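Enquirer: Read off the chains here:
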Amino acid sequence: MSVVRVLGVGGPVGDDAVGLEVVRELVRRGLPEGVEVHEVLEPSRIVSLLEGADHVVLVDALLGGGAPGSVRRLRLEDLEGARPLSTHGVSVAQAIELASLVSPGERSIDIVGVSIARAAPLASLSPEVARAVPAVADLVIRALTSRGGPAPAASPR
Amino acid sequence: MKTIKVDYLARVEGEGALTIKFKGKEVRSVELRIFEPPRLFEALLRGRSQLEVPDITARICGICPVAYQMSSCLALERALGVRVEGALRDLRRLLYCGEWIESHTLHVFMLHAPDFLGYPDVVAMARDHLEHVQRGLRIKKAGNAIVEKLGGRAIHPVNVRVGGFYRAPERRELAELLPELEWARAAIAEEARWIAGFELPDFERDYEFVAMTHPTEYAIDEGRIASSRGIDIDVADFEATFEEYQVPHSNALQARVKGRGEYFTGPLARFNLSSERLSPAAKEVAASIGLRAPCRNPFKGILVRAVEVFYAFDEAIRIIEGYTRPERSSVDVTPRVSEGHGCTEAPRGLLYHRYKVSADGLVTEARIVPPTSQNQLCIEGDLRAIAPRLVELSHEKATHLAEHTVRNYDPCISCATHFLKLVREEVA
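Protein sequence lines correspond, in order, to chains A and B. If you read the first sequence in the numbering used here, its first letter stands for residue 42, the second for the next number, and so on. If you read the second sequence in the numbering used here, its first letter stands for residue 9, the second for the next number, and so on.
One should not assume that every hint holds.
Which residues of chain A face chain B? A few of them, derived with a C-beta cut under 7 Å, are [as the list claims (entries may be wrong)]:
# : residue
1 : Glu66
2 : Leu139
3 : Leu142
Okay, the calculated bits of chain B under chain A, using three or more residues with CB under 8 Å as the criterion [as the list claims (entries may be wrong)]:
# : segment
4 : 99 to 109
5 : 121 to 133
6 : 138 to 144
Over the 10 Å line for every Cβ pair with chain A, so calculated as not near, a few chain B residues [stated by the list, open to error]:
#  : residue
7  : Pro177
8  : Ala234
9  : Asp242
10 : Ala248
11 : His349
Hints were generated in silico from the structure; no laboratory data involved. Please read all numbers here as calculations on a predicted model, not as lab measurements. Using N, Cα and C, we set each Cβ at its ideal position, and we do this for glycine too.
Model the full assembly from the supplied sequences, consistent with the hints where possible.
Expert: Structural data, given as structure tokens:
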């Protein structure tokens, strides 16, 4: 049985939290059977969450790369040069690289980026980014099923 | 194909999170930007039910959610005249140990060790020291296992509540953790010896160390607040003793001892004030790596964290071995108009909360003072003191040493591993 995980990465406030909000939306919709979801506020956790996984879809906020709320799939190379969000830990790119060193193995990683205008600490998502959450959830489901994984329990919409 | 470059440094809009300006050999200014969300939560908590507070505050910090939950629970319980004791209190201490392990291990292996060994980051260090990094990650995971067992996973309802827990685990569930905890306890003692071999800068200042103290325990979740210069107060007197004031150069609030000045909170402060209260085995580990109180070298924080991780495993094993599942998972809590203060030792130092609650159990006022803002003056003081060494170094080496100096405090700053902007002004 394939180990499939969705990781929503984010900070606690504002548009920084979009990765977490996407995971919450997926939980609300109901996930395909056997898919784990995790909210990740601390990127070094990604290292242990990649361990033993066959397929991982990771969702995070991006500064730059498009209008706020625009969504795209990224490769690891696209994250190179990105800095960690805080002195507490490592960046997403570093965590993925570290995982390949400490627990080498075959796994596929899809990275979904949601552009945000700035990481200002607002109370909740800005309107453009909030509007994008359902489409991001759709993209995550497509990324899960395009690998030949189980079909979603309900059609996305 | 279009290349997308992501630069999180843009989060601070072109400025460094730390900017040091030199004119010749003199430091003109040191400006440190602290992670602000704890303050924002003060406003977000107003009007919420006191029962929601642990869930909300758990989201403030990704690496220390338990610290925020515990300080907020204690403050609310004090307001509502409730005490959590016995097995429930032991479970809280166990949960806290799990967080200390996670947080300290992350810092020691992934952030601080690279500084001492001259690597730009943990990925570079892992290429040469793979086994140490793997062991560090496995030790961290053992702490995470405690936190998940007791605290609940992030996306499921959080298990901590005002008055105790939503569910107390069976003894068997905790006992399952023991084999890995025993492994990790032995592993961190070995890794401490590796760390003790690092070259440590020779640097000392005469700090006022502030930490919680307790008559019999190494204080984490209970006690008074004391200092190396004679402070000895109940938690309720925190705001009468420590004041926050607006810094001229930023929106940040900095803390100081009223009538005195900067103070130092965190592992080194705890060790200096309470090393006698460590378990016998933890004291042996400290002795074996040459760590002795009083210690005034902030670079030795890495040694203290390793000892505290060992102690946390000792405590965790002790609590699990003595545990019997309590009949009730929480104490009853009745809302009333009240105000309460709570303080616990987060991994980084004192974390103080105060709440005012209305008759129908809503928060009308919240005050949160995180450890990093309390250390801000000390960090800036260290940078000023180390400045003569910085001016002698290349820009790159000076930047690394300054970042290392800040990282001694394991601070919560909204920036990158490389967060320093060093600006040398031309002498007129």
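Enquirer: Now look at each hint and say whether the structure bears it out.
Expert: Status of each hint after checking the structure:
1. Glu66: Since chain B brings no Cβ nearer than about 12 Å to glutamate 66 of chain A, farther than 7 Å, the hint is violated.
2. Leu139: Hint on leucine 139 of chain A: holds, closest Cβ of chain B at ~5 Å, below 7 Å.
3. Leu142: Result: holds, 5 Å to nearest chain B Cβ.
4. 99 to 109: violated (count 0)
5. 121 to 133: Three-residue rule met by the segment 121 to 133 of chain B, so holds; n is 3.
6. 138 to 144: Our answer is that it holds, as 3 residues pass the Cβ test (under 8 Å) against chain A, meeting three.
7. Pro177: Given that every Cβ of chain A is farther than 10 Å from that of proline 177 of chain B, nearest at about 21 Å, it holds.
8. Ala234: 27 Å, holds
9. Asp242: 31 Å, holds
10. Ala248: Non-interface label on alanine 248 of chain B holds, nearest chain A Cβ at 29 Å vs cutoff 10 Å.
11. His349: 24 Å, holds
Of the numbered hints given earlier, the model fails hints 1, 4; all others are met.
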